[in-house]
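For the protein sequence lines, the chains are A and B, in the order given.
Numbered by the UniProt record's numbering, the letters in the first sequence go through residues 1 to 409 in order.
Numbered by the UniProt record's numbering, the letters in the second sequence go through residues 1 to 63 in order.
Simulated from the structure, these hints should not be mistaken for lab results.
Among the hints, a few may not be true.
[Said to hold, decoys possible] Only pairs whose alpha carbons sit at most 30 Å apart, straight line, appear in this in silico BS3-like list of lysine-lysine:
1. B:Lys23 - A:Lys69
2. B:Lys62 - B:Lys9
3. B:Lys23 - B:Lys34
4. B:Lys23 - B:Lys62
5. B:Lys34 - A:Lys48
6. A:Lys69 - A:Lys48
7. B:Lys9 - B:Lys34
8. B:Lys62 - A:Lys69
9. B:Lys9 - A:Lys48
10. B:Lys23 - B:Lys9
11. B:Lys62 - B:Lys34
12. B:Lys34 - A:Lys69
13. B:Lys9 - A:Lys69
[What the hints assert, rightly or not] Here are the computed distance ranges between Cβ atoms for each label pair:
14. B:Glu37 - A:Glu246: 46 to 56 Å
15. A:Gly369 - B:Arg8: 36 to 46 Å
16. A:Gly199 - B:Asn28: 21 to 31 Å
17. A:Ala72 - B:Asp7: 18 to 28 Å
18. B:Glu30 - A:Gly199: 19 to 29 Å
19. B:Asp45 - A:Gly240: 15 to 25 Å
20. B:Pro55 - A:Gly74: 25 to 35 Å
21. B:Pro22 - A:Arg212: 49 to 59 Å
22. A:Pro324 - B:Arg8: 44 to 54 Å
23. B:Arg8 - A:Gly322: 43 to 53 Å
[Claimed, not checked] Partial list, derived from the structure: chain A residues whose beta carbon lies under 10 Å from chain B:
24. Glu19
25. Asn42
26. Arg67
27. Asn71
28. Trp302
29. Trp336
30. Asn345
31. Pro389
32. Ala390
33. Arg397
Don't be surprised by glycine CBs; every beta carbon is placed ideally from N, CA and C.
Letter by letter, the chains look like this.
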Amino acid sequence: MGERIIVAGASLGGLRAAEQLRSAGWDGEITVVGEEAHPPYNRPPLSKEVLAAPGTPEEALASLTFRPKRNATGIQWRLGTRITGSNLAAGTLTLEDGEELGFNGLVVATGLRPRRVQAPGPLAGRFILRTLDDALALHAALVPGARVSVIGSGFIGCETAATAASLGCEVTLVEGRTGPMERPLGSALSRGVRALLTGRGIDCRRGVSVIRYRGTESCTGLELSDGTLLHADVVVEAVGSMANTEWLEGNDLDLGDGVECDRHLRVLTAAGQPVPGVVAVGDIARYPDVRNALPARRVEHWATPSDTAKIAAPALVAAINGLPPAEAAAPLPTFWTDIFGTRINGIGSPAHARETRVLEGNPAHPQAGVAMGYYRDNTLIGVVNAGLPASRNLHYRQLVLDAGVLVTT
Amino acid sequence: MAQITVDRKLCDNHGQCAIASPKVFSMNDEGILKYEETFDDALLDEVEEAIDVCPVQAIFVKD
Ligand SMILES: Cc1cc2nc3c(=O)[nH]c(=O)nc-3n(C[C@H](O)[C@H](O)[C@H](O)COP(=O)(O)OP(=O)(O)OC[C@H]3O[C@@H](n4cnc5c(N)ncnc54)[C@H](O)[C@@H]3O)c2cc1C
Ligand code: SF4
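From just these sequences and the hints, can you work out the full model?
Printed below as a string of structure tokens:
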């Protein structure tokens with residue numbers, strides 16, 4: 001066998017990893033193996049523009065597909081191919097049909113899948129949203145007047161509720177334990193987001209969860225923990241995600257929440273030692289927060305695959321060549337979300353703040369422009385701004401960078 | 001000299017390009033993108049980075 005790196009997962013993380021391997025000087029074989037039949041495509045529009053107006057499936061895919069980089073040549077794509085197992089010590093992967101693929105280096109980029117609501121009742125009529133196929137199926141059900149229950153008020157739940165309402169559906173948002181986007185935004189801004197949603201007719205149910213689905217063949221409603229019964233033509237489950245790590249089992253890794261890595265994105269054994277020639281990128285990678293000395297965590301944002309691929313690919317090429325990794329960058333997490341035309345931008349690690357202060361505007365009216373600062377021990381570790389021009393976002397990003405405590409141990 | 005164009009119909013004024021390549025891209029006070037269509041080849045790496053980080057893939061290299 002010639003020299004081969006396998007990239008497992010063919011979404012944004014897999015694409016960026018393959019590109020960065022070429023940028024890092026790898027001229028051996030690169031094979032990207034991905035379960036979906038589609039080439040890598042952009043997911044954020046799935047809960048926004050594409051869910052609202054996908055056009056034909058071909059048009060939707062064309063509008064989402066990433067354009068490959070010019071220097072990313074000679075990459076072999078094995079799409080529609082699921083990986084079922086691996087032996088990292090032997091350097092082999094097993095595919096669904098039993099074929100074995102050998103590698104010198106491996107990039108783990110199999111991302112996440114939606115968590116499902118664990119409540120009894122029929123499965124039919126319950127939607128999730130992670131893939132293009134999910135978005136097309138859900139769009140078809142979001143006809144004007146349809147009664148839609150969205151379970152879960154994180155980014156995807158809130159965006160889906162807003163998109164469904166703008167399509168003329170009658171939307172109920174079952175918030176769960178925390179308010180709309182409360183974990184990443186904090187309580188003050190979360191209340192502002194709730195006001196945005198209710199202001200457009202979305203019925204927000206606070207502090208309740210689903211205990212049972214109604215219906216025989218297909219789901220026709222749900223019972224909430226406070227005893228209320230909701231009729232629903234469409235149910236969307238947006239209650240978080242689980243990492244696609246099953247194919248890595250049996251390799252003595254810590255797969256408790258994604259794949260544990262060091263700051264170079266090298267995958268670690270349960271005992272904390274780098275596995276030779278294996279790195280991880282994107283949503284699946286749990287890696288240390290060297291900016292804030294916080295424990296390793298996964299960062300489920302669009303910018304993460306690109307940020308982590310830039311660190312992981314050179315570290316992998318160095319490892320295959322028997323060299324130590326170069327000094328790693330410290331990515332600054334960023335995210336955005338759009339609710340009824342109000343853009344919310346996050347910078348840094350607001351979810352880990354101990355204290356929140358208003359920097360400008362009023363969090364009760366995010367659409368009128370607001371910025372909140374998130375602090376730990378008086379250090380600004382994050383900013384979330386909403387309804388402000390992008391120039392303000394750049395300004396706040398600089399404030400977070402300037403305040404940045406970089407802990408390099 | 002290298003050349004790019006931004007598809008204004010796609011551009012959503014995220015401003016990520018201005019972080020990656022501040023010499024070529026910037027955001028005015030209203031938050032609208034301004035950019036240089038023509039720039040020195042030495043900036044190509046930076047501009048490729050801007051193309052990568054644009055969430056709507058609105059930046060195109062002209063051949
Ligand atoms: C609806 C939606 C809206 C979003 N909106 C925003 C937003 O507004 N802002 C923001 O910052 N982020 C947003 N995100 C998050 C962003 O899209 C993700 O962070 C990004 O897609 C992560 O890329 P990834 O490659 O790490 O993982 P994924 O995109 O999950 O890709 C993993 C790939 O691996 C494949 N795979 C899994 N298991 C196997 C296997 N065993 N064998 C082979 N292939 C396998 C999967 O099929 C998948 O294609 C959104 C995500 C979704 C789903
Ligand atoms: S990053 Fe893309 S969408 Fe944002 S301003 Fe630049 S070109 Fe426009």
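Which numbered hints are broken by the structure, listed smallest first? Of the numbered hints given earlier, those the structure breaks are 15, 19, listed in rising order.
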